[in-house]
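As given, the protein sequences belong to chains A and B, one line each in that order.
FYI, our numbering numbers position 88 of the first sequence as 88, with every residue one higher than the one before it.
FYI, our numbering numbers position 109 of the second sequence as 109, with every residue one higher than the one before it.
No lab work stands behind these hints: they were computed from the structure.
Treat each hint with caution, since some may be false.
Unchecked claim - Chain B side only, calculated, beta carbon under 7 angstroms to chain A, not exhaustive:
id : residue
1  : Ala13
2  : Ala32
3  : Leu48
4  : Asp51
5  : Gln53
6  : Leu55
7  : Phe112
8  : Phe126
9  : Thr128
10 : Met136
11 : Tyr137
12 : Ala154
13 : Ala162
14 : Ser164
To be verified - Okay, the calculated beta carbon distance ranges per label pair:
id : chain 1 : residue 1 : chain 2 : residue 2 : range
15 : B       : Leu7      : A       : Val67     : 23 to 29 angstroms
16 : B       : Trp119    : A       : Arg96     : 29 to 35 angstroms
17 : B       : Ser117    : A       : Asn89     : 48 to 54 angstroms
18 : B       : Ala4      : A       : Thr94     : 39 to 45 angstroms
For every residue, glycine included, the Cβ atom is placed at its ideal position computed from N, Cα and C.
So the chains spell out like this:
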Amino acid sequence: MELGLGAYLTFASVLFGIGAVGFLVRRNALVQLMSIELMLNSVNVVLVAANRFHPDNHAGQVFAFFVIAVAAAEAAVGLAILIALYRLNRNIETDRAHVLKH
Amino acid sequence: MTDAKFLLFFFCAAIALAGAIGTIASKLPLRAAMSLLVTIIALAGLYLTLDAQLLAAIQVLVYAGAVVVLFVFVIMLIGPAPETSSAPGSVVWRMLSLVGIAMITATFAFSFVDVASTWVAPPAGFGTVRGVAGEMYTKALVPFEIVAMTLTTAIVGALAIARSKTASELAEMKRRRVAEDASAAAQPAE
Numbered sequence: 001m002e003l004g005l006g007a008y009l010t011f012a013s014v015l016f017g018i019g020a021v022g023f024l025v026r027r028n029a030l031v032q033l034m035s036i037e038l039m040l041n042s043v044n045v046v047l048v049a050a051n052r053f054h055p056d057n058h059a060g061q062v063f064a065f066f067v068i069a070v071a072a073a074e075a076a077v078g079l080a081i082l083i084a085l086y087r088l089n090r091n092i093e094t095d096r097a098h099v100l101k102h
Numbered sequence: 001m002t003d004a005k006f007l008l009f010f011f012c013a014a015i016a017l018a019g020a021i022g023t024i025a026s027k028l029p030l031r032a033a034m035s036l037l038v039t040i041i042a043l044a045g046l047y048l049t050l051d052a053q054l055l056a057a058i059q060v061l062v063y064a065g066a067v068v069v070l071f072v073f074v075i076m077l078i079g080p081a082p083e084t085s086s087a088p089g090s091v092v093w094r095m096l097s098l099v100g101i102a103m104i105t106a107t108f109a110f111s112f113v114d115v116a117s118t119w120v121a122p123p124a125g126f127g128t129v130r131g132v133a134g135e136m137y138t139k140a141l142v143p144f145e146i147v148a149m150t151l152t153t154a155i156v157g158a159l160a161i162a163r164s165k166t167a168s169e170l171a172e173m174k175r176r177r178v179a180e181d182a183s184a185a186a187q188p189a190e
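Use the sequences and the hints to build the structure in full.
Right, here's the structure in full:
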């Protein structure tokens, strides 16, 4: 069996699916942020694999670098929001976050 | 693709998927963070099979070294409380969303699995620091500067959000200030 581009794309779609299921099923905001990281990582796999398939430039790897940088910023701000939510509610379950609801 | 890369791909892919399932399935957030760490390091190995050495190093440095540590710090701050009961009546919707995501994932996976391809040999310097940085600083300089500003803004924003006071703390401050004013007024003027 030859290991083609499809193996990487299949792996990335399964990883994205796991992350999406985690985001939808879990109610702990920490685990939901980790699921977002999983989905961003699967997108990076697709970018790097496509770049290896067309290796005449580094566009995919540069894009993956920017995705990593933005994901780091997103994690920092998301965790800060989570801490603020915890100080307000003493709870980080997203079902009970209803400050903006009323 | 050589046999070594073939083996490394399946090894890293299996470990990454196992870590991802552990991330979303474990009840304790700390175990989820450790599973995320396993996934991230396995993905760095996967980047090595794709001749992306710089990105593999960045993946380990930024994700394993910074993001997961940030998660662990937050778990230490707020305590390892496991998930309690779920909201009533949400099980059906939860199952529906799970089935929908599973169908979309299966569609993507089964349509991609047959994509056969012949890899061309990468040119010299592909994926190295010199190659990626040369492209980044010549063709993507403005996005690079914007990412620098984004990270700085994110740091300031994270500090501002995490250090903000809650409503009870604001009320406590106001009560203390009123008490201080009252005690200052009660003092006889000298």
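Results for each hint:
1. Ala13: Status holds, d = 5 angstroms.
2. Ala32: Holds, because the Cβ-Cβ distance from B:Ala32 to chain A comes to roughly 5 angstroms (cut-off 7 angstroms).
3. Leu48: Hint violated; B:Leu48 Cβ to chain A Cβ min 10 angstroms, cut 7 angstroms.
4. Asp51: 6 angstroms, holds
5. Gln53: Since the shortest Cβ distance to chain A is 10 angstroms, the answer is violated.
6. Leu55: At about 6 angstroms, which falls below the 7 angstroms cut-off, the nearest Cβ of chain A leaves the hint on B:Leu55 intact, so it holds.
7. Phe112: 4 angstroms, holds
8. Phe126: 5 angstroms, holds
9. Thr128: Given a least distance of 10 angstroms, the restraint on B:Thr128 is violated.
10. Met136: Constraint on B:Met136 satisfied, holds at 5 angstroms.
11. Tyr137: B:Tyr137 check fails; min Cβ-Cβ to chain A is 10 angstroms, beyond 7 angstroms.
12. Ala154: 4 angstroms, holds
13. Ala162: 4 angstroms, holds
14. Ser164: The hint holds - B:Ser164 has a Cβ within 7 angstroms of chain A, the shortest such distance being about 6 angstroms.
15. B:Leu7 <-> A:Val67: 23 to 29 angstroms: With a Cβ separation near 28 angstroms, B:Leu7 and A:Val67 satisfy 23 to 29 angstroms, so the hint holds.
16. B:Trp119 <-> A:Arg96: 29 to 35 angstroms: 50 angstroms, violated
17. B:Ser117 <-> A:Asn89: 48 to 54 angstroms: 50 angstroms, holds
18. B:Ala4 <-> A:Thr94: 39 to 45 angstroms: Distance hint for B:Ala4, A:Thr94 holds at roughly 44 angstroms.
When held up to the earlier numbered hints, the structure conflicts with 3, 5, 9, 11 and 16 and fits the remainder.
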